[in-house]
Amino acid sequence: MPKVKVPRKTTNVDMTAMCDVAFLLLTFFMLTSNFVAKEPIVVAVPSSISEFKIQERDILTVLIDKEGKVFIGLDAQNDRREVLDSVGKAYSISFTEKELNEYSKIGMMGVPIERMQAFLALKQEERDSKESALGIPTDSLNNQFKVWIRKARKVNSNLRLAIKADSQTPYKVIKDVMATLVEIKENRYNLITSLEKDPNQ
Amino acid sequence: MAEMQEKEGKKGKKQKQKKHPTRVDLTPMVDLGFLLITFFMLTTSMLKPQTMEISVPSKDKVQEDEVNKVKASQAMTILLGKDNTLYYFFGNGENGLPPVLINTDYSSEGVRTVLMTKNYDVMKQVEQLKKDKADKKVNEEDYKTRLSEYRASKNAPVVMIKAADDSNYKNLVDILDEMNICNIGRYAIVDITPEDLALMAKTTTAAK
Chain A
1 MPKVKVPRKT TNVDMTAMCD VAFLLLTFFM LTSNFVAKEP IVVAVPSSIS
51 EFKIQERDIL TVLIDKEGKV FIGLDAQNDR REVLDSVGKA YSISFTEKEL
101 NEYSKIGMMG VPIERMQAFL ALKQEERDSK ESALGIPTDS LNNQFKVWIR
151 KARKVNSNLR LAIKADSQTP YKVIKDVMAT LVEIKENRYN LITSLEKDPN
201 Q
Chain B
1 MAEMQEKEGK KGKKQKQKKH PTRVDLTPMV DLGFLLITFF MLTTSMLKPQ
51 TMEISVPSKD KVQEDEVNKV KASQAMTILL GKDNTLYYFF GNGENGLPPV
101 LINTDYSSEG VRTVLMTKNY DVMKQVEQLK KDKADKKVNE EDYKTRLSEY
151 RASKNAPVVM IKAADDSNYK NLVDILDEMN ICNIGRYAIV DITPEDLALM
201 AKTTTAAK
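Which chain is which? The protein sequence lines are A and B, in order. For reference, each letter of the first sequence is one residue, going 1 to 201 in the working numbering. For reference, each letter of the second sequence is one residue, going 1 to 208 in the working numbering.
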């Protein structure tokens, strides 16, 4: 019995077009995006109708979590070394070249300066642990936060402050931070919020 | 694909140089492309966050402001309490009588209505301005200057925001947001006084 031959269709599809699309998209994503800075804690920011965008570069983010722990992060890697060095000097701690290099890789941190050396000696994976997220002291007796901001400002005068706080943060913490900023004459800053629809429109 | 070229090669009698297929299988390359796309999509943030810009006067400037106090008819104070409570009163309590606190909330029927009624003239002007802008009667620059002009007009209300320590950050942002929505150009975040706190506590217990 003669077999009926089913014509075999080739399963090969021309991939060139698909490849083009994939790389086009890839290029698009590479050019339009900036990396998400890793944050030691997750905060849920409140929403507002404000559509004001912050400048692209030279941002100092002040992250405040629910319990009122304060973290700071500089976006410019080159500035980080210098800032840590000068903050260290203010507390008469001298950091080695290796420690400075280590620090320049960290996006955001909240460690009291006296524990900084121990923190930098940790491995990268261990830094994210709960114990390392102590927060920078902001109380009036030991206001390291103030020193950090002041030194950062000295290193980069174009710096823009952005406060990113959790919705549930008690106002007291915010007030302390704001009062500190006023004290060192940082009168303009941005509050990071998520977008909400303007009821007037 | 490759077979086609082979067939062609057999046709010619001349010993042709063996033709290499010019087509390459691109599937792995596509795979790689999409893998990288996925990576970039997951690790990047496309949009910059929205922010609210605030400028706080420095300490010496505040004292100066206190000297030229606001007129009682324009002044309004908003008190933010714990558990999302919100109180407000008009005037600056200069006539000796303690101000009467009125309880409201953060909803659009609450404090927003109050602010909008208080700021009615400015709201109307701004609305007109926005309409003009939509009709292309005013350009972007004009719009901005006139908007800030209206907002800072002499007769517009001046709002003092006093947040208690046990209110939260969301409350503050909400109120600042309301200031933007209701086009109030002159407002300040002021430290809460013990009198305000006592007043707030009294009103809360009275309501219960």
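Keep in mind that the hints were calculated from the coordinates and are not lab data. The reader is advised that the hints may include incorrect statements.
[To be verified] Below, computed lysine-lysine pairings styled on DSS-like, alpha-carbon distance capped at 30 Å:
(1) B:K82 <-> A:K66
(2) A:K185 <-> B:K133
(3) B:K82 <-> A:K69
(4) A:K38 <-> A:K197
(5) A:K175 <-> B:K124
(6) B:K131 <-> A:K197
(7) A:K146 <-> B:K202
(8) B:K144 <-> B:K131
(9) A:K66 <-> A:K175
(10) A:K53 <-> B:K71
(11) B:K202 <-> A:K197
(12) A:K154 <-> A:K175
(13) B:K144 <-> A:K185
(14) B:K144 <-> B:K162
(15) A:K172 <-> A:K53
(16) A:K172 <-> B:K162
(17) A:K175 <-> A:K185
(18) B:K162 <-> A:K66
(19) B:K162 <-> A:K69
(20) A:K151 <-> A:K9
(21) A:K197 <-> A:K172
(22) A:K53 <-> B:K130
(23) A:K66 <-> B:K124
(24) B:K137 <-> B:K124
(25) A:K172 <-> B:K131
(26) A:K172 <-> B:K82
(27) A:K154 <-> B:K137
(28) B:K131 <-> A:K175
(29) B:K202 <-> A:K53
(30) B:K137 <-> A:K197
(31) A:K197 <-> B:K71
(32) A:K3 <-> A:K185
(33) B:K118 <-> B:K71
Check: Does K71 of chain B lie within 30 Å of K53 of chain A when you go C-alpha to C-alpha?
Finding: violated, 35 Å
Next item on the list: Take a quick look at whether K175 of chain A and K124 of chain B sit within 30 Å of each other, Cα to Cα.
Entry: With a Cα-Cα distance of about 34 Å, the restraint between K175 of chain A and K124 of chain B is violated, given a limit of 30 Å.
Next item on the list: Starting from K38 of chain A, check that the Cα of K197 of chain A is at most 30 Å away, please.
Entry: With Cα atoms ~28 Å apart, K38 of chain A and K197 of chain A stay inside 30 Å; holds.
Margin query: K144 of chain B and K185 of chain A were given as a pair; does the straight-line alpha-carbon distance stay at or below 30 Å?
Written below: holds, 27 Å
Next item on the list: For the pair supplied as a hint, K118 of chain B and K71 of chain B, confirm whether the alpha-carbon distance does not exceed 30 Å.
Entry: Given that 30 Å is the threshold and the Cα spacing comes to 14 Å, the pair holds.
Next item on the list: Take the C-alpha atoms of K185 of chain A and K133 of chain B, compute the straight-line distance between them, and say whether it is at most 30 Å.
Entry: Violated. K185 of chain A to K133 of chain B sits at ~37 Å, over the 30 Å cutoff.
Margin query: Need the status of pair K66 of chain A, K175 of chain A: alpha-carbon distance at most 30 Å?
Written below: holds, 14 Å
Checklist line | Pair hint outcome, K172 of chain A versus K53 of chain A [Cα-Cα no greater than 30 Å] | finding: holds, 27 Å
Next item on the list: For the pair we were handed, K53 of chain A and K130 of chain B, check the Cα-Cα distance against 30 Å.
Entry: With Cα atoms ~21 Å apart, K53 of chain A and K130 of chain B stay inside 30 Å; holds.
Note to self: For K146 of chain A and K202 of chain B, compute the direct alpha-carbon distance and say whether it is at most 30 Å.
What the structure shows: Violated - the C-alpha atoms of K202 of chain B and K146 of chain A are around 37 Å apart, more than 30 Å.
Check: Within 30 Å, alpha carbon to alpha carbon, are K144 of chain B and K162 of chain B?
Finding: holds, 29 Å
Check: Regarding the pair K202 of chain B and K53 of chain A, is the alpha-carbon distance no greater than 30 Å?
Finding: Violated - the C-alpha atoms of K53 of chain A and K202 of chain B are around 42 Å apart, more than 30 Å.
Taken one by one, the earlier hints fail for this structure at numbers 2, 5, 7, 10, 11, 20, 23, 25, 27, 28, 29, 31 and 32, listed in ascending order.
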